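Q: Given these sequences and hints, build the entire structure.
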Amino acid sequence: MSLSAADLTALWLTVKLAALTTLILIAVGTPIAWWLARSRSQWRAPVAALVALPLVLPPTVIGFYLLVAMGPAGPIGWLTDTLGFELLPFTFTGLVVGSVIYSLPFVVQPLRNAFAAIDQELLDAAATLGAGPLDRFVQVSMRLARPGYLSAAVLGFAHTVGEFGVVLMIGGSIPGETRLVSVQIYDHAESLNFASAHALSLLLIVFAFVALTSLYWFGPRHGRAEVIA
Amino acid sequence: MSNALRLRVDARPTAEHPLHLRINSEFPCGEVSALFGPSGAGKTTTLRVLAGLEQTINANVAFAGDTWQSADQWVPAHARNMAYVFQQAALFPHLSVAQNLAFAERRAIAPTNSPATEAMLATLSISELLARRPADLSGGERQRVALARALLRRPRLLLLDEPLSALDDARRQAVMHTIERLCRDDGVTIIYVSHAVDEIARLAKHIVVLSDGQSVQQGGWEALQATTDAHGLLEGGRGSILSGTLGPIDSAWHLQPLQIGDNSLWLPQQSADAGAPMRVRVLAKDVSLALHDHADTSILNRLPARIDAIDSDASPSAALVTLRVETQLLYASITRKSLAQLALTPGQSVFAQIKSVALLA
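So the protein lines, in turn, are chains R and D. Under the working numbering, the first residue of the first sequence is numbered 1, with each subsequent residue one higher. Under the working numbering, the first residue of the second sequence is numbered 1001, with each subsequent residue one higher.
By construction, these hints were calculated from the structure, which means they are not laboratory data. This one's a predicted model, so the numbers in the text were calculated from it and none came from an experiment. Check before you lean on any hint, since a few could be wrong.
Stated by the list, open to error - Output of the computed footprint for chain D on chain R, the stretches with three or more beta carbons under 8 Å from beta carbons of chain D: (1) 119–125; (2) 138–147.
Stated by the list, open to error - Just a few of them, taken from the derived set where beta-carbon distance is under 8 Å, the chain R residues facing chain D: (3) Ala37; (4) Ala48; (5) Thr128; (6) Leu129; (7) Gly132.
Said to hold, decoys possible - Calculated Cβ distances over 12 Å to all of chain D for the following chain R residues: (8) Leu20; (9) Ile32; (10) Trp34; (11) Val56; (12) Val96; (13) Ser201.
Beta carbons: idealized from backbone N, C-alpha and C, even for Gly.
A: Put into structure tokens, the structure is as follows:
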């Protein structure tokens, strides 16, 4: 059971995509999760639903609309065109955009739970000790939400590694550009190259198991439900 | 008056704050003022309004001439020259005790050291707790750290929500002593919420009594004790405060007199020196009356007094007699039978026999 050069390229591309997606998601997901956890706005329910949509929609639906939106006639396509960038479908950048949307709930939900669990009195105490809003957020909220950040990072990364439908719709299978491990396995199976498909599949199973084990081991003591998001 | 903390609230009840808060008070700067009242009277909410933690409550707050809250002005909590000690301590669980203190110190308003604050930190003796996490502290230790943390902000206004409730008595006395120093030496203004009568009677120069969200009474302790409403709230029932100065120790009997005018009230030997001011609380039920000064009794403290008023409707069997010792008020609760037998009338001179006193300061 050995990995070919193409397999290794796919693996490296997958890790790169998952890492980049996770970083972006932590940055984007933090304000969204904070707002969802703390706001009393009537917009909270629809926004929460919007964030959670990728959980229930078939990945092909997300992929299809992303493809349309990023295409030359779509709004994202218009934007990239106007700004002088290349069109996003079938590019690595396109995959990053798709992954960020697809894995958003897996990052937002653990962060939201972690922020919601913070005792308001601790933030009040920080305020009475002279900490302004940003100071309170960074020094108290984010630090108390650290287990939530761990969950969010692991889930965001693992879920991005595991995506297939969205990738196939908007990325296709360009080696070194959009051919991720999941696509590589599909290609191996299509061409009846089962040994290679086994090798990569087993690798993903071991990775997923280790990731989830670390989550349960080091993750938040309570609110395990957030793992299911 | 700019040298005061002014508070005016008239907040209609809402789902979030079901209490109709109506307070119009002025707390003198550089003194301890107490917020007093039964549970649910709005004491903590009032403190939170003063701290700037309740933006939705319509209020006017001004401290020493600076407007903190009004219809068109809002100074957030972190920008107010103030620190707050929460009832549940509210220590940061992700930080050690030392880091909790450093959190406040880094954001201190005035970086300079002051002797009274140092004395308080020493009294709180938290040096042995520094490496520990809040989760590993007892309730009393947590309160000590919370108090120290608030002090390290070095504020001009200190809001204390039952700060000593979990401390043992010796430490409570010591901390109260340093709280007094904080006002006297550093001019810190303190608003103090407590259920403990001895703490309030000892510390507070100004008391606001809250009931159902309203300030029903305010003034000095002496003014308040003449009114009945406040007394229903006090533990042990009606009582009075006698103040005087300590006299020289009688070393033969380990007693020390509290000089009230020309009279002496004998107390167990105190740690304070002669000349120190001292206040004691005397419950009405611990005072009996005699027409003559009986030397043949074990009751040591017999003070000449004059009857000011008699309320014989206090209960079916008891009557409340209001006395004056010199100019100070003293209450005696006696049976109506005794009242009739001794034929007591207002204006009459009697001897008040005091069975026990509670030391306040």
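Q: Hint by hint, work out which the structure violates, then give me just those numbers in ascending order.
A: Checked against the structure, the hints that fail are numbers 3, 4, while the rest are satisfied.
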